[in-house]
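**Student:** Sequence:
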Amino acid sequence: MPPSETLSREEAIQAGALIDVTPIAHRMGLRLPVTFSRPLWEIGITAARNVPEEEFEGRVRDVLMAFRLKLAAARVASPLVEFPALLAFPPNPIPQACVLFAVAHQEADAQMALTFLLPGEVSTTSIPFSAGE
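Under the numbering used here, the sequence shown has 60 at position 60, and the numbering climbs by one with no breaks.
Keep in mind that a hint or two might mislead.
To be verified - Calculated cross-link-like contacts (lysine to any residue; reagent style SDA-like; alpha-carbon spacing at most 20 Å):
no., residue 1, residue 2
1, Lys-70, Pro-95
2, Lys-70, Leu-117
3, Lys-70, Ala-104
4, Lys-70, Pro-33
5, Lys-70, Cys-98
6, Lys-70, Arg-31
7, Lys-70, Leu-30
8, Lys-70, Thr-115
9, Lys-70, Val-81
10, Lys-70, Leu-32
11, Lys-70, Gly-58
12, Lys-70, Val-122
13, Lys-70, Pro-90
14, Lys-70, Leu-80
15, Lys-70, Ala-12
16, Lys-70, Val-103
17, Lys-70, Pro-93
18, Lys-70, Asn-92
19, Lys-70, Pro-84
20, Lys-70, Val-99
21, Lys-70, Gln-96
22, Lys-70, Arg-27
23, Lys-70, Ala-97
24, Lys-70, Leu-86
25, Lys-70, Arg-9
26, Lys-70, Leu-87
27, Lys-70, Met-112
28, Lys-70, Arg-59
29, Lys-70, Gly-29
30, Lys-70, Ile-24
31, Lys-70, Ala-113
32, Lys-70, Glu-82
33, Lys-70, Leu-118
34, Lys-70, Met-28
Since the hints were derived computationally from the structure, they do not count as laboratory data.
Produce the complete structure using the sequences and hints provided.
**Tutor:** Here you go:
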């Protein structure tokens, strides 16, 4: 794919670049489509496949709760939110603070969505802002 082309959310999910966690997000009160980047999923959720699959949902909930707590404390809404999440990485059972990002973006069908990323995946030059922000 040429660098100027971008995938839609659905195309990125089908290609495996994004992991859809919308059902978990909905159960937590986030009423919009939510995805995690593949690197965040592999490092933060599966911990390089060192976490049992039955723990994945709990780890997703931990990240989403950390995000919700950050939003509750924020004075100003922003399309890019940096927040800490506590995640344990086996074999060490003690949770570590991990800096993560959430990007709010509008899909082609005019629906807002959230994508969660690792810090190395965020580029300020690729984040669209409207003229009033």
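**Student:** Hint by hint, note whether the structure agrees.
**Tutor:** Results for each hint:
1. Lys-70 to Pro-95: OK: Lys-70 and Pro-95 at ~18 Å, within 20 Å.
2. Lys-70 to Leu-117: 15 Å, holds
3. Lys-70 to Ala-104: 14 Å, holds
4. Lys-70 to Pro-33: 19 Å, holds
5. Lys-70 to Cys-98: Distance ~14 Å between Lys-70 and Cys-98 Cα, so the pair holds.
6. Lys-70 to Arg-31: 17 Å, holds
7. Lys-70 to Leu-30: Holds. Lys-70 to Leu-30 sits at ~14 Å (cutoff 20 Å).
8. Lys-70 to Thr-115: OK: Lys-70 and Thr-115 at ~15 Å, within 20 Å.
9. Lys-70 to Val-81: Holds - the C-alpha atoms of Val-81 and Lys-70 are around 8 Å apart, at most 20 Å.
10. Lys-70 to Leu-32: Given pair Lys-70, Leu-32 holds - Cα atoms ~17 Å apart, limit 20 Å.
11. Lys-70 to Gly-58: 18 Å, holds
12. Lys-70 to Val-122: 18 Å, holds
13. Lys-70 to Pro-90: 26 Å, violated
14. Lys-70 to Leu-80: Holds. Lys-70 to Leu-80 sits at ~12 Å (cutoff 20 Å).
15. Lys-70 to Ala-12: 27 Å, violated
16. Lys-70 to Val-103: Holds, at about 13 Å.
17. Lys-70 to Pro-93: 24 Å, violated
18. Lys-70 to Asn-92: 26 Å, violated
19. Lys-70 to Pro-84: Status holds; Cα separation ~8 Å.
20. Lys-70 to Val-99: 12 Å, holds
21. Lys-70 to Gln-96: Satisfied, since the Cα-Cα distance of roughly 17 Å is no more than 20 Å.
22. Lys-70 to Arg-27: 18 Å, holds
23. Lys-70 to Ala-97: This hinted pair holds, its Cα atoms lying about 14 Å apart.
24. Lys-70 to Leu-86: Between Lys-70 and Leu-86 the Cα gap is close to 13 Å, so the pair holds against 20 Å.
25. Lys-70 to Arg-9: At roughly 24 Å apart (the allowed maximum being 20 Å), Arg-9 and Lys-70 break the hint.
26. Lys-70 to Leu-87: Roughly 16 Å separates the two Cα atoms, so the pair holds.
27. Lys-70 to Met-112: The given pair, whose Cα atoms are some 19 Å apart, holds under the 20 Å limit.
28. Lys-70 to Arg-59: Holds, at about 17 Å.
29. Lys-70 to Gly-29: The hint holds at about 15 Å.
30. Lys-70 to Ile-24: Satisfied, since the Cα-Cα distance of roughly 18 Å is no more than 20 Å.
31. Lys-70 to Ala-113: 17 Å, holds
32. Lys-70 to Glu-82: 8 Å, holds
33. Lys-70 to Leu-118: This hinted pair holds, its Cα atoms lying about 16 Å apart.
34. Lys-70 to Met-28: Holds, at roughly 15 Å.
Violation of the numbered hints given earlier is confined to hints 13, 15, 17, 18 and 25; the remaining hints are satisfied by the structure.
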